[in-house]
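Respectively, the protein sequence lines represent chains A and B. The numbers in the working numbering rise by one with no breaks, and the one at position 315 of the first sequence is 315. Converting from the second sequence to the working numbering requires adding 1000 to each position, the first position being numbered 1.
Hints are computed from structural coordinates only; laboratory data are not their basis. Treat the numbers as computed from the prediction; the structure is a model and nothing was measured. Here a beta-carbon is modelled for each residue, glycine too, at the ideal position from N, C-alpha and C. A portion of the hints provided could be inaccurate.
What the hints assert, rightly or not - Partner residues are not named here, just some residues of chain A that face chain B (Cβ under 7 Å, in silico):
| hint | residue |
| --- | --- |
| 1 | S48 |
| 2 | H119 |
| 3 | N123 |
| 4 | S124 |
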Amino acid sequence: MIERALKGNEKYWGWVGLLLLLIGVGFACYIYQLYTGLGITGMSRDISWGVYIAQFTYLVGVAASAVMLVIPKYLHNYKKYTNVVIFGEFLAIAAVTMCLLFIIVDIGQPARVLNVLLHPTPNSILFWDMIVLNGYLIINVIVGWNTLLADKKDVPAPGWVKPFIYLSIPWAVSIHTVTAFLYAGLPGRHMWLTAIMAPRFLASAFASGPSLLILLLLLVKSVSKFDPGKEAIQSIAKTVCYAMIINVFFLCMEFFTAFYSNIPSHMHSLQYLFAGLHGHDRLVPWMWTSAFLAVVGIFIMLVPALRKQTGYLAVGCASIFLSTWIDKGVGLVIGGFIPNPFETVTEYYPTFPEIAISIAIWAIGALILTILYKIAISVREEQVETDVI
Amino acid sequence: MKASRREFLKLAGVSALFGLGANAAFELLTPGALEASSEVAHGAAHGEAAAGVQAATRWAMVIDVRKCILQEDCQDCVLACNSTHNIPTVGNPKEEIKWIWKDTFEHLFPDQHSQYVDEGLEGKAFPVMCNHCDNPPCVRVCPTKATFRRPDGIVMMDMHRCIGCRFCMAACPYGARSFNWRDPRKYFEGKEAMLNPEQPTRTKGVVEKCTFCPERLAKGLEPACVEACKKRKSDCLIFGNLNDPESEVRKILRKRTSIRRKPELGTKPSVFFLV
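In isolation and in its complexed conformation, chain B is listed as follows (with noise of 0.2 Å):
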């Protein structure tokens, strides 16, 4: 068979279709072969805990509301967390970029604020960051698994793959993550010296959020924040292993009632605050 130049292109740009969808089938057939067997790197970092194993690690952090209020002008964590992870002072609150900041009992809260019981609490702000659910929206609604949850619960973000579709934010009921809305950098002009240099700065048009430090719990340091708050020893913020009984959070929690953040949305946030 001679084929002609119109035949042949029709067979170049079916087979293109199929190339391009492959990966797509396969994924939908075997969900993970394909990771597994060429990505392992990629696939380890990106992957879940086995289906009904516990994981021994559950990383998770407790606020103590009643000590914090009591530190009203206090932005150690805050400070100490821009400075980690080179966060840029944007200015324009619409956009801002947020890994952990203060805000007050009646916006965290909106559905628990009771004018009568609060009033100890009403107007103080407080440290709040994201929530790392066990079940996490933003995960679910991710198209291309830029943010992916750990297996010791940390709701992780790939900055390198995220192409900036922003339904993470639509899904997150917390507002607990930011957009890069221009190029980061640009803030830090004239300011090199104030960059990490151990950690990485952010491009444009890519979310971003707390990941709890994961580069300091490798080396055994907790999270900045709360290295910051113990250096103040104000103690507001502790943080710790949820799956083991005999964790500071674990005893604290059991000590003191503590809330989370919108519990009827079934995320389950690893983020607790006693009050």
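Pulled out of the complex, with its shape left as it was, chain A reads as follows (with noise of 0.2 Å):
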């Protein structure tokens, strides 16, 4: 199977090449990192996570995600994601791994993390986490392997899978759950404060993990003969836009609460990211941008006229993916500890070492993507082949 993602043309050698380079770079910047201390980042003594978590709990919505696409396929036989489903199991073997090095990057003594399991302790929310994401991971690993292999056989998959594909579905929910759950329980954190984090976390992660599927799915169909089938990417992107307006719909929410009830402390968090508190406005921007870009993918993905054509589906997922990117993997960690337990406002600037570390990981991701990818798509398209013939 491996050796499927052994050849390749040149493009795939050159985006491979150029992956391997910017981990090269990223890996650099970590080994200074190590060297020198967190102190490299931009975080602080008030803005004590970064760039790193912000990335971990975006990334562990795209891994979620998943489970869209198994539960119609695998409850409802929904056969149209029958080709496809495979591939939104392998993007969520990929973002659980990012999931795991963007948490050991941002570790201040990485060579102790196994204390966690040496003193475990279940009275902490990030034991749980460090469980369900392992779990995932080896579940996704599981099931998308053994499927594939019985893919490319052309065999239906062993019986034996079957319990991990029904396990993975509650294990999805999981896995967001939890990790909402680190934010959401702590006290003097307003902003985290609240019942719906983890429905949002859920109803963002289906919006964003999937729109990502679909930009996917059509990167592969237009260079590859494998064609993931109209049908198909039309039903994700339904799925997308349903969770997206709820995923506004609960944003709103969040604002009522905090505004109509006028409580200061509610109010701070969202006043700094939406329109700056103290003066101090940097990432008003970005917050604006992303609400612009929620409600053009939204329109897009709900007039049918719209969604039906390739370009405007692409540009759709895209400003879904950014949108929910901006608010999660930027907004929500660092706005949640403005302002600081003393009510004053320190600002966050990621540094070019931080920035390099992150990229370093998504482009970890996008390998470990490109070479299942690669697998899964020459075993389909020698299944194309053989229904030629």
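Please dock the two separately framed chains into a single complex, following the hints provided.
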């Protein structure tokens, strides 16, 4: 199987080479961080989590979204997803791997990370996050790999895989719920202390992950002989549309509660993000971009005439992907720390090495995805060829 | 049965997984049992008071704000703490290490700030430190028990166990925790004579905070900040045992009006401010 990833044209190797270059640059920066300490990042006493944890949070959502294909395929026997569900599972594998790497690079003493296992602490949500994330990775490796092996031999997947497929459904919900609990249970961080944190995380996950998947499938279609099928892509697009509307609805609820109750501490973070606080407004353009992209994305996905055109569909998916990325991968984590416990504002700017390390982890994810997709595509292409014969 | 290489590797992999997971399983099924049996010393250090039994000692700090604001430029308590605990002068406020420091009433009590009542306190700074909560959120979230509550109420740090995830910093509603963004020893280069050899320095990548000086308490001494304050005869800091009705802290809390930071969060701080 793996040998299929070693055959490719110049473009393929050029892409792999570019990813390796980005990984190399980021790795060098990580060595520097390991040597000097996390002081090379833009994080501070007040903003003690930054881009790393924000990316981690966002990617947990991308990983969880595979379930939006698994449920229709395996619980409702929706046949149009038969050939694409594997791409969702492989996206989950790449995303969870990135999540784990983002945690590793954020830790001050990475050599001690196994202390989490040596001194297990069930009252810590981080302990449970470690369990659900690693579990989800293992489940998706088992399911993805075995269904692909079966596809290659043109036989149904072995029966013992089924329980793992069913298990992956609640497990996907669990990874994002537990990740939301990392934030939602902290006293004194008013923006995070909300009961709809987990539902909002799930809604944005089911919008962001599938929108990325559509973009990937459109790319797969253009570079290979495998066609995921128009109907499958349109169905995913509807999922994206509903999920994004719910996500925006939840955000509006946060605004209502904070501003109608008029409790200052509940309004501060949202004020900082969307209007600026005490003269600090670094994230304001970002958040309004996110809001604008959300409206554009929803409009395109909602109007069938637009959604059905590949060009518009791609723009709509990219808008939603970027909108949710800004909302969760930038605003949510940083905004939660502002204002600090003394109600003063310290702003946060990621540094070059911090960004380079983050890009490298995205590149590692892209590399894993490239290899897995290459294998899956070549199996699918063989199927296409045998069907023709 | 002849085991093939493949089967052997499978078995080895599964065994390794179980090996790593066994400790966690133990902890889940019989919490504390493993610690009690194999780590007696460490278990005691990390232990908690048995349920329902009130510990003999509950350390607490009382800060007389009215007295302290008269000593506007005094930093004695802060300096005493810094030199006792080898706390570096970082310079960059984003990376500062602070165990005890002075801040204004408006910053320390943002929700209780009243423009009419607090006229005398406005803009005046007084010391603040870790609250050593009865119900500490930092301890609740720590994934390795590197921060833990001792039976005498002190919220302690095990700097050798801390992995530097900074979950405790996100959880602490008081901004009392500092992270070593860089190697703290670097700040003492050429100034080694300033180091207190009786206390450790820290490494980069771990969280630290006020500990109420347990090493001094064990010798019957008061925390370094209290001693410094008394030496100046300011007497703004009063330290003692809350569980002793005749202790100095209990006496003064009976007499004067005290407030605690963010009581609505249910953390039950053991640092009191007399206003």
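Verification of the hints:
Hint status for S48 (chain A): holds, given a least beta-carbon distance of 4 Å to chain B, under 7 Å. Among the interface hints, the one on H119 (chain A) holds; its C-beta lies about 5 Å from the nearest C-beta in chain B, closer than the 7 Å criterion. For N123 (chain A), the interface hint holds, since its Cβ comes within 7 Å of a Cβ in chain B; the closest pair sits about 6 Å apart. Annotation: S124 (chain A) was flagged as interfacial toward chain B, and the flag holds, the nearest CB pair being 4 Å apart, inside 7 Å.
Every hint, counting from the list given before, is met by this structure.
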